[in-house]
Each structure stands twice: as C-alpha cells, then as structure tokens.
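Visitor: Here is how the chains run, residue by residue.
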Amino acid sequence: MNILLYGATELGYMLAQRLCQEHSLTLIDDLKRLPDKFNNLDLSFVSGSGADIDALEQANMNECELFIACSTLDEANIVSCWTVKKIVDLETICFIRTMELYKNLSSKKLDRYLTRYDIDTLVWPELLLTQDIFRIISVPNAIDVEYFAEGRAKLFEYRIDEHSSLRGQLIMECSFPPNVLIVGITREQNLFIPDGSTVIHKDDKVIFMGTDSALDTLAATIFKSNNVIKTAVLIGGGSVGFMLAQRLERTGIRVKIIEHDKARCEFLADNLKKSLILHGDGTDLELLEGEGVDDADVVVCITNNDEKNLLCSLLVKQLEPTRRIITRVNNLRTGQLFERVGIDVTVSSRDSAIKELLNRVQARNVDILALVEGGQGEVLRLTLPENFQKTRVVDLDFKVQAIIGIIKRGRKLTIPNGGSILEAGDQLKIFTMAEDAETVKNFFS
Amino acid sequence: MKLNNILNALGIILVAFGTILLTPIVVALIEQEYTSVLPFITASLTSIALGFLFQHYGGFSRNFDNLKRNEGLLIVSLAWVVTAAMGAIPYLFYGLSPLDAYFESVSGITTTGATILVDFSLYPKDFFFWRSLSQWLGGMGIIVLFVAILPQFAVAGRQIFFAEAPGPTEEKVTPRITHTAKALWLVYILLTVLEIAFLFAAGMPLFDSICNAFTTMAAGGFSPNPLSIMGYESSRITWIVTCFMFLAGSNFALQYRLLIQGKPRPLLQNEEFRFYGIIVVVVSSCLCISLLLDGTTTAIHAVRDSLFQIVSLITTTGFSSADFALWSVSAQTILLTMMLIGGCAGSAGGGVKVIRVLFGFKYLKREITQIIHPQAILPIKIDHKPVAQDTQSQIVGFLFFYILLMTVSAILVTIIEGDASIGLVGTAATIGNIGPGYGDIGPMGSFGGLSVLTKVIFIINMIVGRLELIPFLAMLHPDFWKFRK
Chain A
1 MNILLYGATE LGYMLAQRLC QEHSLTLIDD LKRLPDKFNN LDLSFVSGSG ADIDALEQAN
61 MNECELFIAC STLDEANIVS CWTVKKIVDL ETICFIRTME LYKNLSSKKL DRYLTRYDID
121 TLVWPELLLT QDIFRIISVP NAIDVEYFAE GRAKLFEYRI DEHSSLRGQL IMECSFPPNV
181 LIVGITREQN LFIPDGSTVI HKDDKVIFMG TDSALDTLAA TIFKSNNVIK TAVLIGGGSV
241 GFMLAQRLER TGIRVKIIEH DKARCEFLAD NLKKSLILHG DGTDLELLEG EGVDDADVVV
301 CITNNDEKNL LCSLLVKQLE PTRRIITRVN NLRTGQLFER VGIDVTVSSR DSAIKELLNR
361 VQARNVDILA LVEGGQGEVL RLTLPENFQK TRVVDLDFKV QAIIGIIKRG RKLTIPNGGS
421 ILEAGDQLKI FTMAEDAETV KNFFS
Chain B
1 MKLNNILNAL GIILVAFGTI LLTPIVVALI EQEYTSVLPF ITASLTSIAL GFLFQHYGGF
61 SRNFDNLKRN EGLLIVSLAW VVTAAMGAIP YLFYGLSPLD AYFESVSGIT TTGATILVDF
121 SLYPKDFFFW RSLSQWLGGM GIIVLFVAIL PQFAVAGRQI FFAEAPGPTE EKVTPRITHT
181 AKALWLVYIL LTVLEIAFLF AAGMPLFDSI CNAFTTMAAG GFSPNPLSIM GYESSRITWI
241 VTCFMFLAGS NFALQYRLLI QGKPRPLLQN EEFRFYGIIV VVVSSCLCIS LLLDGTTTAI
301 HAVRDSLFQI VSLITTTGFS SADFALWSVS AQTILLTMML IGGCAGSAGG GVKVIRVLFG
361 FKYLKREITQ IIHPQAILPI KIDHKPVAQD TQSQIVGFLF FYILLMTVSA ILVTIIEGDA
421 SIGLVGTAAT IGNIGPGYGD IGPMGSFGGL SVLTKVIFII NMIVGRLELI PFLAMLHPDF
481 WKFRK
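Protein chains in written order, with our numbering: chain A, 1 to 445; chain B, 1 to 485.
If we strip away everything but chain A, and leave its shape as in the complex, we get (with noise of 0.2 Å):
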C-alpha cells in the first residue's frame, strides 16, 4: 500500500518505522526540520507544508491509499486532511491534539450538521491514554487491562509477587479458574509465550487472556486485593487529568489533582465537579506529605515531562513503597528506564494512539486488538477464511510463538485447549510476538 504521511514528528517517527517494511511510504515536511533518526528509514521525502498544494502534488498524491496527517498542529493536520479529500478520494487518518477542536470534528451531533467534516478517522492520542488508564486503574493491582469483544474477554497482566501462590509453580499445575490461559509472561524486560513447563518466578510479569467473569473470579482469588479503589493522586492536569477525574469522579473515586500552572488549576476547578485542586508542584515533597498522597489507593503521574513523571513516582515510591503507581511515558526510551527502577505500570499517549492506527492499516480481517509491553506482543483479531479445514488447535504448528487466546463463533466465547476445533468463519484472538504477527498472520490465509 502507498502511504502518506505529514509531519516528521515523534509519533510520525513511529509510525514510519512499524509501517515502512511493509508499505512504501512517503513523508512530507520541512527537510530543514527533519530530525536525522528518519535517515535510517526506507521511505521517501517531499519537501514543505502538508497544507500545501503543490506538495501534496508531488507526494504522487493519486497513487497513495491513506493519508496520515500526525504534524504538531493540529490545524494543519485538519486542513491537510480536507485538501487531500478534495484531490483524491483516499483513506485520511487525522491526529489531533487539543479536545476543543477534537470535540468539534468527532461530536455525535455532527450527523445533524449540514455539511459534515471530511474525514475518515479522528486520533486523540490523549483521549485513548485516558481510557487505557481508566481501564487500569479500575482493575485492582493488574498492571494491564485490555477488553475484547465489548468487554466478554478481557486481558490481565500482573507481577507476581513474593506472596503469589504462583509463584514457583509449573504453569500446568497451577490452579486457576477454567476459562483463563496464561498468554505470556515477561522476564527481565523480555516477552516470551510459555508453555505448560515454565515456571513463574518472583517478578515475573504475567499476561492473562479469558472470560470477563473467569479473570474476574481470577481477580478475586489469586490476585485478592483488600483495597478497592476509593481515592486517586493524579499529579499533572492537563487533558489527561483533566478527562481521567472525569472519569474517576462519575465512578465514585476522590480524586485529588496537583498542577503547577495556577491558571489551569483554575480551569479544572471550575469545571470539574468533585476533584480537590492543588496548586503545586508534583516534586514538592512537602506537598505530597502534607496532602496525604501516600494514603491515595492510586497515583497517576501524567505530566508532559518524563522526568518529572519518573521523580514523582520515585517520591511517592519512597513515602509508600507499596503504591500502585502509574505512569506516563512519552520516549519509548525513558519507558524502559522507569521499569528499572521499579515503576511497574508505564502508560504512553504513543502506544495507545499506534495501536489505534495500526488497526486501520492493516488488512480488513486482521485487528491488532493489544499491544503489550510496549509493543514486544499484540493480540491479534482474525477471521479464519471459507475454505479452512476443520483442525484441533494441537494440530496447528505456527513454527513461531504465538497462541489461540480466545475462540469467538457466533456470539458464543470459547477459550480454547489442545483438543478445541477450529472452524471456517470462526474469529481468533491470537496472541503473538510483534515480529510473529506477519508469520500468524499468512498462516491463516
């Protein structure tokens, strides 16, 4: 597929590189701004503005099946999406930054509207971190929380403490409830699908995929958890803490948020119903003391700053050492460090916002549902063609890692073992190592 793509930035940076081994990819912005990483990458440039008419001409604009605008402004993105509507009728993939403008192009009023805005998808990296962090949050101690066919399927992972009656257990002996499978577990920052032989060590962190209610049960046994969330610490209030103490305060959960910029401390007081508003800064050690932050059931560090996030999650970790704590990443980079130095559950505006944009272009029967550890797994959807021959699932040999998480026929969810049997039409969730996923991926068709 030929792609284009506007704006040679971080996230335009990703997505380059996930997408150009795969498709031909041409990139436009200011040369003189192009940062010397996007070199190493098989792509091709054009000078100048997305917004610019002659350089979307020369981007060879009528061979191109998707238009990625992801520049750092948000107008330009928007106008650049339209222009190309106007030339060629093709895919546009819009990334926006600021919720006015968000709001105005995604309302559910827009049908109402006379004239609808043009474009075919809306990405607000933020707004998806929000909803990833809520989904964490609301699942006691799990480090990550996924959800699959509306929420019937879910995604656990969790570290397995000193505590842990996994722990030390071969994976075919332990005892948890029917309907959940150990997906895969991460070792010193290194995924691998385990297979019923392993053992789970302290620190091991551990995938699980199964029913809504088997994880719920598993939640509730073996990951038992007396503190049920009742207050929350989000340290930067921003868009972020801004729609995550939305969220928090319609569920029931205190929230306190602590801002330095005293002028969207208002902003968040008055418009935000329950949540007490701080003004200070997160690195205050006094502050966090003295407003109680190590008795919160959980701590969300959400500034734009790495390293503000990293220092205020290390304090918090000093004054509780058993806190839940999550935090924000921007670097893929300093993502990494923060597990070093113990900071379990990391967040990435990026992350969520890839897999997001991965889904729309991939194949039509292919979904990345998940990304996990940072990308190093995904689950995958597909959809087994016509002419599959009826096999058990032992009978498969995917000559890679990967492994039939969930069966989905009709409505019905099964979660399969060895002696399952897979049917055309039938929907898998496949959990797979990212650099797998291809090999998955032509397996099924």
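It should be emphasised that the hints constitute simulated quantities derived from the structure, not laboratory data.
Any given hint could turn out to be false.
Claimed, not checked - Listed below are the simulated BS3-like cross-link pairs for lysine-lysine, each with C-alpha atoms no more than 25 Å apart in a straight line: (1) A/LYS205 / A/LYS317; (2) B/LYS381 / A/LYS273; (3) B/LYS362 / A/LYS262; (4) A/LYS274 / B/LYS381; (5) A/LYS262 / B/LYS68; (6) A/LYS273 / B/LYS362; (7) B/LYS482 / B/LYS68; (8) B/LYS365 / A/LYS274; (9) A/LYS355 / A/LYS390; (10) A/LYS262 / A/LYS205; (11) A/LYS273 / B/LYS68; (12) B/LYS2 / A/LYS274; (13) B/LYS2 / B/LYS68; (14) A/LYS390 / A/LYS441; (15) B/LYS385 / B/LYS365.
Given chain A, work out where chain B should sit, using these hints.
Guide: Showing chain B alone in chain A's frame:
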C-alpha cells in the same frame, strides 16, 4: 449627576403612580363607600400635579440614554420614598398622623407588613384595599412595574432595573429588559389571579380573597382581618396561603420558565430553590417538634402552623396563622433565624436572600477546607458555575453591611424603647421587610405605640432593606452627590 434626568424620571413615575391611585375609587363605588372617593382623588391629583411639576423643572426630556449609574441608583431610591409619600396621603383622611400614615405607606409599598393600626373596625374596606394594593404594587418592585408599563424607560430600564434588585444573579428571561419586566409581571398577575380563585373557592369572601392574595404574592403580609390568616379559622385557607407564599418567595424568572414556557428543569435544578426548599422543610420540622414539646397544640395544627409560619417568615410575608408572639422562646428563636434569611433572588421576598446565605455557607466551607489544604484552588460554585471574584466580594460586603446596619439599628432602638426584644426583632422584621416581631409589635400587636424616633428608624430600615442596601450605601460616598449640568 444630572438633576434634570432625575426630575424627569421621578415626574414620569409620579404621573403613572397617580393614575394607579385612582383604582381604589372603583372599589369605593362598588362598596358604596362614597366618603372614600375624596382621599384617593386628592392623592392622585397631588401625585400627578407633582409629577408634572418635576417634569417641568426637568424640561420634559424623554432622553434617558446616558443615564449614569449613580443617577439610576438615586432615581430608584427616591422613587420608593416619593411614591410612599403619595400613598400615605389617603391615610391622612382616616385620622392617622402624618408620620403614622407615612409609616403605614412605607410598610405597605416595601411589602413589610408592619402596621400601626390598633383597631381595624374604624376603617372602611377601601382603606384596606389600598393597603393591600400598595403592597402588591411594591411586591414585584415599583421600578420593574414602571419599566414594564412605561415605554419612556426602554433604554434606561436596564440601569434602574438592576439598581432596584441588585441580586447576585442577573436573571433575564428575555434579552430585552422591558420584555423581562413584562414577563415577570405576567407570572405575578397569573399567580395572584390563581390565588384569588383558590381562596374564594375555599370560602373566603371575595374582597378578602383579593386583598389577601395581593399581599401574599407580594410577600407583604397586610390582611384586612385584624387576626391575619388566623382570623379566617380555616385549615384549607391556611394551606392555600402557605403554597402561594412559597411561590412568592421563589424566583419569578424561573417560574416564568415553568409556567409560561413549560420548562420545569431550570426551577427544579436551581441550587438556590433547592436550598430554599430544604430550609423550609428542615426548619419547619424543627419548629413542629418544638411546638409539640410545648404541648399546647395538636399534631395536625403543629404541622400546619409551623410550616405556615416558617414559610411566612422566610419569604418575609409576615402573615400569622397563630399568635407566635405567645410561643415558647425556643420556637421564637427558630422563627428569628428565618427572619434573617429572606426569599430567593428575583422573588417578591426581601431580606438577605437565600442565595446570599447559600453563598455564605459555601464561603465558610471554602475557608475551612483552605486551612487543611492551603494550596488547594477552591472556587465557590453555585449551579455548577463558579461565582466571579467581584460578585463574591460584593456578597461578602453585603452580608457585612447587613449585619452592621442591623446592629446599629438594634442598638439605637433598644436604647430608645428600653426593650431589647423590640430593638432586635423589630429591626430584623423591618430591615428584612417581614412585618411583625414579638411582644408588643407581635402579629396581633401594633407598631403604633412606638416612639417617633423608632418609627423613623424603622421607616429607613424598610426602604434600605427593600433596596437591598446597595443604593443606600452608594449614597454614603461623597462622590455620589456630584451634580452636573
């Protein structure tokens, strides 16, 4: 300040008010009280003549486009003073001394309902009709009335409309001020007519129905019956009056949305209205318990009277369904706290207003939270909207001045009368435009026996309280009085 503008505006108001003063004559003719025609014709002619005289000196100008803020405030204040004086003229014909007549008239037009009358049997029906009518006119606000009916005030209306009712919320039903004034009067008239119908159906004579409905909707409290609502000895009437007093004490703009536009949500979701409802329910339950503990009344009467009396005092009406001056001290204390609250903003009720009390509580809560969380940003929100900083300081200032004024007046009256209860309760009752107090000035008593100085202080209290202090406070500044040509 331009003297011409003020004279012209007052002149126009006086001419209009003089015309209204003719209406009691209709009643006099129907009731065949021909002796009552003369007082009202005299008053009417005086008012109209004075009106033209003012306009003559003002040059008959109709141009109020450049009305300044202080001019607006002065017009409003003087309008109340002068119309009260015109309204007092008929009383002179019934043997009242000039000061008593003026007291009764001010008490009427400011919807206070404090009376100097002792023996009600001495006066004809027309006299009582005028008392009630003057309250009804004052209930929605003299200025709101003239902005609604006089096209001359189209442009200047805004300035004087808000000078009269300087509540913290600028509630407008429609973008144009004359439309808003008309809309408010429409609701007012509609509710009055409804109440007349209900009272008449409940067995009250038509004349009494009209008079009582006028004073209920105005949150005034004059009744042609010397024993107030208690005199009708009917539970049904008591309940009807309770309901309409409650409505008179809530925001008319929101009632307009409910009654005329059919939108109940703005009223029901209004935080002030909810708070008002909660206060009425909670405090009347307390009062009810207190009455039952005293053991002087039956349960059903305790419920009826406590609810009636709480609504009557919180809306600043001042009707009584029982002689609360005879109740126990604990019950009277509960009633006194109600006197300090008053109706909702944009209602016929006077007093501090529920919204300011609500704000006061939120302000206190904010200050307490701030002690525990020194770095917290805590806006004060009413109806989920933050209250602007200047509005906040205005309300705090208002509350402070209200207390200050009450203290000064209470001290002075206590010294003059040698009675602390008259000093304190009388002040609260007049400044809040409620009416009766306790003791000699209780619901069955009269203000007539007070000394001249006390009456003067109470007259000032009533007008200042009715104008919600701000015009009065503005007048204390020397710059207010700079006149220009």
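Visitor: The structure should be examined with respect to each hint, and the outcome stated for every one.
Guide: Status of each hint after checking the structure:
{"no.": "1", "hint": "A/LYS205 / A/LYS317", "verdict": "holds, 19 Å"}
{"no.": "2", "hint": "B/LYS381 / A/LYS273", "verdict": "holds, 9 Å"}
{"no.": "3", "hint": "B/LYS362 / A/LYS262", "verdict": "holds, 22 Å"}
{"no.": "4", "hint": "A/LYS274 / B/LYS381", "verdict": "holds, 11 Å"}
{"no.": "5", "hint": "A/LYS262 / B/LYS68", "verdict": "violated, 37 Å"}
{"no.": "6", "hint": "A/LYS273 / B/LYS362", "verdict": "holds, 14 Å"}
{"no.": "7", "hint": "B/LYS482 / B/LYS68", "verdict": "holds, 12 Å"}
{"no.": "8", "hint": "B/LYS365 / A/LYS274", "verdict": "holds, 14 Å"}
{"no.": "9", "hint": "A/LYS355 / A/LYS390", "verdict": "violated, 31 Å"}
{"no.": "10", "hint": "A/LYS262 / A/LYS205", "verdict": "violated, 40 Å"}
{"no.": "11", "hint": "A/LYS273 / B/LYS68", "verdict": "violated, 40 Å"}
{"no.": "12", "hint": "B/LYS2 / A/LYS274", "verdict": "violated, 50 Å"}
{"no.": "13", "hint": "B/LYS2 / B/LYS68", "verdict": "holds, 9 Å"}
{"no.": "14", "hint": "A/LYS390 / A/LYS441", "verdict": "holds, 18 Å"}
{"no.": "15", "hint": "B/LYS385 / B/LYS365", "verdict": "holds, 17 Å"}
In this structure, the earlier hints numbered 5, 9, 10, 11 and 12 are contradicted, and the remaining ones agree with it.
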